[in-house]
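Visitor: Residue numbers (this note's numbering), protein chains in the order written: chain A, 1 to 494; chain B, 1 to 214.
I should point out that these hints are in silico values taken from the structure, not numbers from a laboratory. Keep in mind it's a predicted model, so treat the numbers as computed, not measured.
A short, non-exhaustive set of chain B residues, derived as facing chain A with CB atoms under 7 Å:
1. L81
2. N84
3. T86
4. G155
5. L158
6. T192
7. D198
Here are the simulated lysine to any residue pairs, SDA-like style, with alpha carbons at most 25 Å apart:
8. K188(B) - E106(A)
9. K188(B) - Y41(A)
10. K339(A) - T80(A)
11. K205(B) - P431(A)
12. K188(B) - G280(A)
13. K129(A) - P40(A)
14. K188(B) - P327(A)
15. K205(B) - Q370(A)
16. K188(B) - A283(A)
Negatives, chain B to chain A, calculated, CB over 12 Å:
17. R22
18. H24
19. R72
20. Q90
21. A91
22. P94
23. A111
24. T129
25. F142
26. D144
27. G147
28. N174
29. L175
30. D186
31. V210
For each residue, glycine too, the CB sits at the ideal point set by N, CA and C.
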Amino acid sequence: VRSAVLSLSCLCLLTIQLLAQRGPAAYTVVMPDGKRISLPYRTAGSVDLVPLDQIVAAFGLTLTEDSAVGGLTVRGRGQTILLIPGQSMASVGPGRIVSLPAAVQESGNTWLVPVDFMRLALGPSLGLKTEVRRSTHLVVVGDVRLPEITPRFERIGGNGRLTLEMKPAAPARVTREGNRLIVRVDAAGVDLAPATGLAADLVPGIRAEGTAVVVDLGPAASGYRVDTPDAGRLVIDVLAAGAPPPAPPKPVATDPPVLELPPPAGANVRTIVIDPGHGGPDAGVRGPGGTLEKTYVLDLARRLKAAVEGRLGLRVLLTRDSDELVPIDRRTSLANNNKADLFVSLHANASMHSDTSGAQVLAVNASHYQGRLEAARAADLPVPVVTGGSRAIDMVPWDVAQMPFADASQRVAEVLARRLTERKVPLFTAPTRQLPLRPLVGANMPAVLVEVGFLSSARDENALRTNDLATAIVEAIVDTISEVRRDGSSTSPQ
Amino acid sequence: MSDARLPGPDQVGATPVVRISRRHIWIAAAAGFGLLILGVVIVVAVLPRVLTTPTGSVAATPVATTPDGEARRIQASLFYLADNGTELVQASRPVLYGATPLEQARRIMDAVVEPPPEGQRSAIPAGTTVRAVFLAADGNVFVDLGGAIVTGHPGGSLNEALTVYAIVNAVTVNLPDVAGVQILVDGKQVDTLAGHIDLRYPLGKALEWVRKGQ
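Chain A on its own, in the form it takes in the complex (with noise of 0.2 Å):
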């Protein structure tokens, strides 16, 4: 009986170690007060999910189980938002429906949602501006001035040059505290990333405390002076003895401003979401002669950016706008949640023959995702309604939303494909292509994936450094996007 017992208690004690080895992963919400509430999370493929109940808590609002059409409704200040659990989507207000980047989930006796479902539901539904910092785990709701800084550190001669970008711009005064610099910031907080390529002797480390950035100085650093060429950075010189200063850092050219134009009648597209490819650790295809797809196709889309706002005033969203992997369901559901009316992927192909070259424009294979499709049009989901009962309504996944959009994309593609050729760009033995695009499938708009050439070539490798063509392939996607929109139909889904 006693070893009963002890085998019995033993088992406890595993479970119980096993539970707890799973935490302290949490993110940290900072209220429009100043006030800090700590979120555990728990990641699911690519998206955080967060505990419904503890959201609710921190707002004052109240969450209610209707089991008659098993939904979730959060009610407080007016406002309610309705979830259903293993749908990934909220309907919020009167018959406003957003897309969450994954389903509402039951886990233990708690309901947990993506940390998005703050951003695109709860912070719009109270009318309280609310940011997700994925990367330092922190939540920013309301007019909080909590910036985050990027520190970045680079050796000019003998000195050292330290800028910190701030975003949001917040005023800071630079102060020396023995060998140390306190960076003092006029914000709530400051929500500071890791530095990179430090130097031992000039600054070694860097750090938050509370509102203000500390930076170390070493051995070598005899000076500092502090330049602010832009709002929103702060430039530290730190200055060796015996080495001369460095010049003056200069302001750096900023983005012409978004043309804020009517649109001409008839006109109906505004908004185009532009999606540079991989990111990150993602480097996607290295080029025989370094170049990478991650690094070309970004620079890319920020040219293109420019371009199509400029020329056309058209309002651009780029789903990446630095070297960091996006999930890829975030990149669609920028674009569904903005309401672009196109989504354009910008990616480089490769081949294991070096010879293989030119530019490719893709669309989704609508075919592949027909099972689908009917799948769940078969299953006839109600959706339960805010006054109360439910009724059935046509509707297509989230993750095949691309669907009725397939023709449509096609002729697009065949647009560009066109475009392109008009431009001088080398097209590939098949210029367009229908395939089952994971990037593409989630966009509830046309959307084409444009393999701009094939890095595995030297020889289009080379071509897309030059200025010429980089130019040609922008121009061509300006034309096709100019021409889609005096041409509407073709941006219609079926």
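Chain B: place on chain A using the hints.
Guide: Relative to the frame of chain A, chain B by itself:
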């Protein structure tokens, strides 16, 4: 799973008279408790593993042999990279015989990941292994491959499509009853191999990738 045995026919009708003492009751109680603990352990530790192990999978089965002792083989169509690197070519190759469609699918996949024959180039990254092959009731085959297919992949939508369809076509062309093929990596469903081709659902045969007129 249990050691309990039914009495044999020779024991029935010859039940000896047993005097039940208090000691016997204690022994029986102790044995009963022991069995209960064993039961708890089985339910907690063994049962979940048994229940989650798929039944329709083939890891390794004995090789069928011909009467003269040689391993029995079939001629299967496998797909390699064409010399231009932009399409697949079909090649007939001897593949070990499998007694069931599932076993045959496994044999074909083993051949698909093998180094290519002289004069051919494989569309599958070197070092790719086959962990398991499953057959679902709806006729879809699930091919579970080792992580090298992702880490060793050179990228690009063209290469990725050629890798995927070299696998999908090999299974679907040789086993006409197979509806589709879904590629898993390290036992898990994956979005893609290199960021382009959607692997979340089974893919059907795609002969447009194979060079015509061979």
